[in-house]
Amino acid sequence: MTANAVFSWLVVALAKSAVLLLVTLTVVAYLSWFERKLVAHIQSRLGPYRVGPHGLLQPLADGIKFLFKEDPTPAGVDRFVYFAAPFVSLGLAMSAIAVIPFGPPDAQIEVFGHRTGLAVANLNIGLPFLFAITALGVYGIALAGWASNNKYALMGGLRSAAQMVSYELALTLSVVGVLLQAGSFNLNEIVASQDGRWLGFVPRWFFFPQVVGFFCFFTAAIAETNRSPFDLPEAESELVAGFHTEYASFKFAMFFIAEYTSMVIVSCLATLLFFGGWQSPFPEGRWFAWTAYLPNLALLGGGVLLLLDGLRYHRRGKRIALALLGVILLGAAWLCLAPETNRILQGPFWFLAKLFFFLFVYVWIRGTLPRFRYDQLMSFGWKVLLPLSLANALGTSLLVVLRQP
Amino acid sequence: MLVLEHLWIILALPLLGAALNGLFGARWPKRWVDAVAVGSTGAAMLAALELWREFASLPAAQVPWVKSYFPWMVAGSFRADFALQVDQLAIVMLLVVTGVGWLIHIYATGYMAGQGGYYRFFAFLNLFMFFMLLLAMAANFSLLFVGWEGVGLCSYLLIGFYFLRQSAADAGKKAFIVNRIGDFGFLLAIFLIFRTFGTTDFGPVFTAVGQQPAENSFGVITAIALLLFAGAVGKSAQLPLYVWLPDAMEGPTPVSALIHAATMVAAGVYMVARCGDIFVHAPAAMTVVAVTGCLTAFYAATIGLVQTDIKRVLAYSTISQLGYMFLACGVGAFAMGIFHLMTHAFFKALLFLAAGSAIHALAGEQDLRRMGGLRAKIPWTYRTMLMGTLAIAGAPLFSGFFSKDAILWQAYASGHTALWLLALAAALLTAFYMFRLVFLAFHGAPRFEEHAVHLHESPPNMIAPLVVLAVLSVAGGWMAAPVLWGGPNYFEEYLAPVFTRAATVAPRLMPAGEQAHALELLMTGVAVAMAAVGFFVAWWFYIRQPQRPDKLAEQFRAPYTLLLNKYYVDELYGALFVRPLAWLSDQVLWQWADVKLIDGAVNGLAATARDLGGSLRRMQSGNTRSYAAWVILGAAAITTFVYLLVR
Amino acid sequence: MTLDAVLFFVFGGIAVAAAVALILLRHPIHSALALIVVMAALAVLYLLQGAEFVAAVQIIVYAGAIMVLFVFVIMLLNAAREERTNLSRAARYLGVPVAVLLTAELAYLVWHASSANPSQAAGRTDVTRPLALMLFRDFVFPFELTSIVILIAILGALVLARKEP
Amino acid sequence: MPASWYLALSAILFGLGVVGFVFKRNIITIFMSIELMLNAVNLALVAFSRQLGELQGQVFVFFVIVVAAAEAAVGLAIILLIARNRQSLNVEDVDLLKL
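Going down the list, the sequences are from chains A, G, X and H. Sequential numbering from 2 applies to the first sequence in this note's numbering. Sequential numbering from 4 applies to the second sequence in this note's numbering. Sequential numbering from 64 applies to the third sequence in this note's numbering. Sequential numbering from 46 applies to the fourth sequence in this note's numbering.
Just chain A, with the same shape it has in the complex (with noise of 0.2 Å):
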């Protein structure tokens, strides 16, 4: 490739990486705002409602106070590494994104005159890469809990590293059987893979052949991204806060952010490789051909709420903000009309709705479930997922290698 092609090519990869970003960012402040109010409502409270409408603004304030606390560096720790860190595990994070396709390869936007896909890169072993990015997410953690000079970041750090490790053997082998079927690393061609209807209406997900591996999947994922009901590496009632409790301010929110990122991440993954990533779940045809509307519905019923929600508050600076809200969704609602968007939307709409109900169903989880004991968490790991998921995998070639002639 010659050097102007690379250098475009550079500059379209950052401006895509940057605004991936800024996305990601965003999402997951606002994840931390949902679950928290999702999790208030299990509870029946109310969660955060100060800051902002609903406590919409909650996440800036946080942020704010993460950028301004104050940063104390404990004494012995082992400044490289308990610097590098909080770096490592974000970095990862983040990088991970970048092989996410979020909707059809050919569905193309224009930069700067260069045509190019929804996905920052499109590799040939996007699966492996992903893996490989979830196999370093250990050393972040560890490393903090080590450098951290600190018993129970120390226990916190032993704990994420034997947990991770154990959980990434069944999360690798649960994905065996659909990579069987699908025969390819690349993520958009297990998606296209997963294309047609069972029946002409089931659709051809590999989460109904694959029930078991889905769930090994997500079991592990979870232990993975150390949330709730596994999330023993920072368990409070033990640990005060496990590998991070010596962080503050800005580390401890790179620690949080990481934390989030990965939760979108294989939520993703489900997705992607289960649920048919950006396809629609209505078959094709005259009868279903008002689906193509949904992403517009949404929108439109989202402002409606949002309007009169914002009509009734009972402040009103919020009202007029809610309101206002509310307008410029009705006015993406209309924008989107435009077929050309409309046909661009498609993907990213049904990839984020999937998207969001695993969110969803995560902080749910997390609202419902008691912390697993440590003992019970291994034997769990090694002796339920793992045979379940390498059983999974043996039958699963098994079928494939009598379905080929």
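For the record, the hints were derived by calculation from the structure and aren't laboratory data. C-beta atoms are modelled at their ideal positions from N, C-alpha and C, and glycine is treated no differently. Possibly wrong hints are sitting among the right ones.
Chain H is nowhere near these chain G residues, computed Cβ spacing over 12 Å in every case [what the hints assert, rightly or not]: (1) L14; (2) L167; (3) L371; (4) W481; (5) H520; (6) L522; (7) G577; (8) R628; (9) S629; (10) Y630; (11) V634; (12) I635; (13) A638.
Straight-line distance between alpha carbons at most 25 Å, and here's what the computed BS3-like set of lysine-lysine pairs gives [said to hold, decoys possible]: (14) A:K66 - X:K226; (15) A:K384 - A:K66; (16) A:K319 - X:K226.
Cβ-to-Cβ under 10 Å is the rule here; a few derived chain G residues that face chain X [unchecked claim]: (17) A632; (18) L636; (19) A639; (20) T642; (21) T643; (22) V645; (23) Y646; (24) V649.
Given the coordinates of chain A, assemble chains G, X and H onto it according to the supplied hints.
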């Protein structure tokens, strides 16, 4: 074409069952073990039926249907694939094995209920099914031999199932060792085949044989045939290697029925039929086969006359029936041999199972002298037993009638009159001792204290297989019925494609035409008459004048004791082979060779090594890194050497 | 200077630097981190040579599992910086020159062993599929053997590391 | 990029591994130097496989990695034992092998 494409399925099912039961059965409830064992064999049977269906639609050009799955052994010019083969012969074997095997599995769930090692029993039984099916479907001698040895192993394991009983353990060992002798011959035969034809695959070997003329002098093919037959003699308990089969009755009755009556012991016949192309090229070997078979048939029948253990009587009758099959093969009527194999599988399995049911009813009593009068108590067992007896005795229109008389007729028609006469006598004896068994066991007055053992008919899961087998042993031969009015024998016609080449090489000079048919009918009449005579003698002795047999025994004490002690063959073998061998291995091999030679050498080596080490150990500094340095020095030296080579 | 030449020198440089760091750093954790960097750099070099899957495995297994084990053990044993002791005689007088010699010779040898002509397989796109076929067809026996090796290793590790009751 | 460069690089890495093997005192670090050598070998294998257009090289890389994993498991277990029994990770404290 599912099964036809994936022949291995039929094998995999019983193997899976064996694995599951063997691994987890110990912890499983009886229900599950039953489900796995019966289910796997039942599925195998269904697969076999499906295979039959699919095979029927196969063009004749593609028969035998061979599928090679992966190269199993490759050494120099030798190559044996894991290849399975299906032709009419194999189909018959598969159906018989899976069908009878399935029924016997069901029966066993009732018979073995509540016995120690229940799961172990079924694991072994399934494993046996696997090896038997492998034997039936193997496409080369090497794989055939695997199945051959496998069934032998399972037979050993199951004979010694009650391994706490010394006699059972010994019987198992005896079966194994006696079979070794035959297998040795078989192995030599395989080596010879490879040496002669450069392969062990059936197709090439048989075609290669087919191109040669039948050798009338003693040549390599005759040698091969005789060695193969040695293997068959061992496996199928023919003279002189039959001694293991009676003792094999130590095993549980279902085992005796499945392995030592229906399927495994018939493997020899199957193998001879499979290698028919080889045998027909060796007339001498054919004669040997025929004579051996015929002699065995008569000899075993005579012993059967006086035995008092119900299962041993059946065992000797099995030996003699196998003799009939070999007689058939020997006179070139391979199809007839297989036909008798099938019918025999039906009625002999039935007889064993019924006997087992009787033993079950009597709480383990096997001695005919302490039975009697069971007819009223266990009617179903009695009826089915009677069916089996009529079948084996060759009563008209029963399955045994068609197969056995066909064999007799073939023997006569192919001009072996002496053999025919002997076989006829054997038929008479057969009828006699079988009815003797029935009368002793089921008629007359009970000869056991009834209050001690409370009689009970067996549970339905034991009766049902009996009934099915009874139906089979009545109707199993009807596909040969048209012969009676000069029609074709459909079974023979079905198998014909397998034996066409053999038939062309050694055309059996069968008298054809009207008077031939009349003659055949006449012969049949004679055979039936013989059976009738046997029946009446038995009736006279054991119903009319029950005290008569003992009187006879008094009068002819010498022959009686001779028969009762089975011609003292075991003692003879013991004196001739066992004791000298024991002495040799004890005095020479152990005391001298092992202790003095081998141990001496080993200890000497050890001593030298110790001394060397003692002198060398001064080099050790114990510092790991200096060791590392030494290692690197070595590496560098080698690299330098290479470097000099390169430059 | 083509793109992958640049990449080669960059990442090769990183690898060598990290390897040197592995030797010079005094705390095992730092050495481990250095080694991880080496592995990552090597993974990139594999990518440059079109060995995508090997690169992925390199990261997943080597950096993601084996090195985690190392780090884990170091944390568990809470290993301290290694104290200075004088080299053992053999190591000093033998190790240094021999190691250098060895490196030089190896470099020379492989340099000459590899003919200068660039590869035919450079342009291969999808190596994963043929790789899998080769691994599971031609090398299936060694493959199964390695699985047994792993099993034995697991047992051995268990038996060794188990705390005596 | 001719393969010879990769090979030279692998040779250098291997040499560094050797040096670390001889000079480090901490058992774990020594062990890591061995891993470094293995990695160098892997690089050479990949380079050769690319140059010859054959995939055997990469297959062997897999085997090397597997063996390395097994070795790491057992080796670290042994190191654990040593540390437990003599409260030290210094090789020079482990010298009972001498006469």
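Assertion that R628 (chain G) lies outside the chain H interface [Cβ separation over 12 Å]
Given a closest Cβ separation of 6 Å, the condition is violated.
Any Cβ of chain H at or closer than 12 Å to H520 (chain G), or is the non-interface label fine?
holds, 71 Å
Grab the minimum beta-carbon distance between W481 (chain G) and chain H and tell me whether it stays above 12 Å.
holds, 61 Å
Using 10 Å as the Cβ threshold, decide whether T642 (chain G) counts as touching chain X.
holds, 5 Å
Should the interface hint for V645 (chain G) be scored as holding, given a Cβ-Cβ cut-off of 10 Å against chain X?
It holds, given that the least Cβ distance between V645 (chain G) and chain X is near 6 Å, below 10 Å.
Beyond 12 Å from every chain H Cβ - status for V634 (chain G)
violated, 9 Å
Is it correct that the beta-carbon of L371 (chain G) has no partner in chain H closer than or equal to 12 Å?
holds, 65 Å
According to the definition I'm using, a residue is off the interface if its beta carbon is farther than 12 Å from all beta carbons of the partner; does I635 (chain G) meet that for chain H?
violated, 6 Å
Would you check the hint for K66 (chain A) and K226 (chain X), treating anything up to 25 Å between C-alpha atoms as holding?
violated, 47 Å
Are A632 (chain G) and chain X close enough, Cβ to Cβ, to be under 10 Å, as the hint says?
holds, 4 Å
Given the hinted pair K319 (chain A) and K226 (chain X), is their alpha-carbon gap at most 25 Å?
violated, 63 Å
When the nearest CB of chain X is found for V649 (chain G), is that gap smaller than 10 Å?
Holds - the Cβ of V649 (chain G) comes within 10 Å of chain X, reaching about 6 Å at its closest.
The earlier numbered hints that this structure contradicts are 8, 9, 10, 11, 12, 13, 14, 15, 16.
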